Amino acid sequence: MIGPIISSGIVSQAWDNIFALILGMGFGFALESSGFSSSRKIIGTFFGYDFVVVKVFFTAAIVASVGLLYLSYFGLLDFSLLYIQPTFLTSAIVGGIIMGIGFAMGGFCPGTSLAASAVGRIDGMVFFGGMFIGVFLFSESFPLFENMYYSGSLGAKMINTTLGISPELFTFFLVLAAMGMFFGAAWVQKKVKKVEY
Amino acid sequence: MKKIKNDGSFYVNPYLGGVILGTVLLLSFYISGRGLGASGAVKNTIAATVNVVAPQHVEKSAYYSQFAGGDKRPMNNWLVYEVLGVLAGAFISGIIFNRLKLKVEHSPKITSRRRLVFALLGGLIFGFGSQLARGCTSGAALSGMAVLSLGGYITMVAIFGTAFIAAWIFRKNWT
Chain L
36 MIGPIISSGI VSQAWDNIFA LILGMGFGFA LESSGFSSSR KIIGTFFGYD FVVVKVFFTA
96 AIVASVGLLY LSYFGLLDFS LLYIQPTFLT SAIVGGIIMG IGFAMGGFCP GTSLAASAVG
156 RIDGMVFFGG MFIGVFLFSE SFPLFENMYY SGSLGAKMIN TTLGISPELF TFFLVLAAMG
216 MFFGAAWVQK KVKKVEY
Chain B
6 MKKIKNDGSF YVNPYLGGVI LGTVLLLSFY ISGRGLGASG AVKNTIAATV NVVAPQHVEK
66 SAYYSQFAGG DKRPMNNWLV YEVLGVLAGA FISGIIFNRL KLKVEHSPKI TSRRRLVFAL
126 LGGLIFGFGS QLARGCTSGA ALSGMAVLSL GGYITMVAIF GTAFIAAWIF RKNWT
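As given, the protein sequences belong to chains L and B, one line each in that order. Per the working numbering, residue 36 is the first one in the first sequence, and the count goes up by one each step. Per the working numbering, residue 6 is the first one in the second sequence, and the count goes up by one each step.
There may be inaccurate statements among the hints.
Calculated pairs, EDC-like style, for lysine to aspartate or glutamate (alpha carbon to alpha carbon, straight line, at most 20 angstroms) [what the hints assert, rightly or not]:
1) B:Lys-65 / B:Asp-76
2) B:Lys-108 / L:Glu-231
3) L:Lys-192 / L:Asp-113
4) B:Lys-77 / L:Asp-51
5) L:Lys-229 / B:Glu-110
6) B:Lys-177 / B:Glu-110
7) B:Lys-114 / L:Glu-203
8) B:Lys-65 / L:Glu-175
9) B:Lys-77 / B:Glu-64
10) L:Lys-192 / L:Glu-203
11) B:Lys-177 / L:Glu-231
12) B:Lys-106 / L:Glu-231
13) B:Lys-65 / L:Glu-181
Derived by calculation from the structure, the hints in this document are not laboratory data. From a predicted model like this one, the values you see are computed outputs, not experimental measurements.
Sequences and hints are given; from them, build the entire structure.
In structure tokens, the structure reads:
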């Protein structure tokens with residue numbers, strides 16, 4: 036079966052939301068079982084006492100990237116049918132900076148705050164509630180940010196094209212960079228004073 | 006594989022956790038042709054709610070009208086179902102690893118109240134930024150990185166780079 040099996044019509048569109056529910060369960064399970072329901076564990080990355088975020092996030096990124104390349108290479112996946120987020124330079128940078136501040140203040144990102152809420156962390160629920168206010172404020176003030184929202188449009192641009200290399204070579208460098216970060220994290224963690232949480 | 010924590014709960018090895026997460030993400034692309042997300046479900050819920058309260062406002066808004074109004078059904082959306090699954094999956098993990106407990110997690114140096122005020126503000130700011138960047142850590146950064154999207158990498162670097170600096174500014178809340 037050549038994927039994506041729903042976009043290519045192999046499996047009926049009616050199944051899409053059911054798969055969404057099941058995939059979401061896998062996502063939530065992965066987040067919670069790795070410890071992403073604890074804000075202090077997540078934030079440990081920024082102080083060097085717990086690198087779970089770096090380890091889980093980059094392992095997931097290389098598993099998915101390498102997996103997609105292999106599926107595509109063996110003709111099991113039509114890469115052109117995948118949704119690739121279009122790049123808008125200004126909003127990607129400014130939005131990312133704003134999210135970074137929210138991350139350091141709140142100790143969660145949207146997905147992890149859901150995982151925390153599910154196991155009863157009140158700080159996670161409050162963070163998730165705060166998101167509704169933030170999304171509402173953005174939506175209501177959209178005219179003020181509309182120019183920024185659409186500026187620097189590059190379309191569905193891929194990073195390897197920007198660098199002028201093949202997807203395979205870029206992914207190889209990504210794996211190397213992740214390995215470097217994993218060893219670096221282990222080294223830093225040994226030097227940093229343990230924090231009880 | 007499992008590490009015993011002070012509170013008696015267990016976490017899976019982070020590399021195993023990463024492999025599970027990466028495999029779920031890969032399956033998401035293989036099945037539905039798209040990555041995982043979280044903030045989009047909040048956006049759709051807001052758009053749907055505003056559409057019920059003030060449908061004319063949605064029609065006139067250049068933002069809401071992309072997601073709600075007309076024959077659009079913002080709550081019958083892939084991300085909304087996926088987020089419900091996230092809650093269920095995390096809850097199951099909480100049962101298995103014995104972590105279900107109603108509590109405010111915070112550093113012993115700060116009060117619960119201070120933690121909750123910062124959680125609210127952090128969520129507000131994160132939610133705002135996620136709309137500007139068209140997605141959060143999962144939808145824009147992680148899923149974008151998997152398909153080698155330039156924007157995904159830029160957003161990832163911007164989030165983590167800023168958080169490293171900002172965490173030091175707010176370090177009294179954490180360490």
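Let me make sure I understand: some of the numbered hints might not hold for this structure. Which ones are they, in numerical order? Structure breaks hint 7 only.
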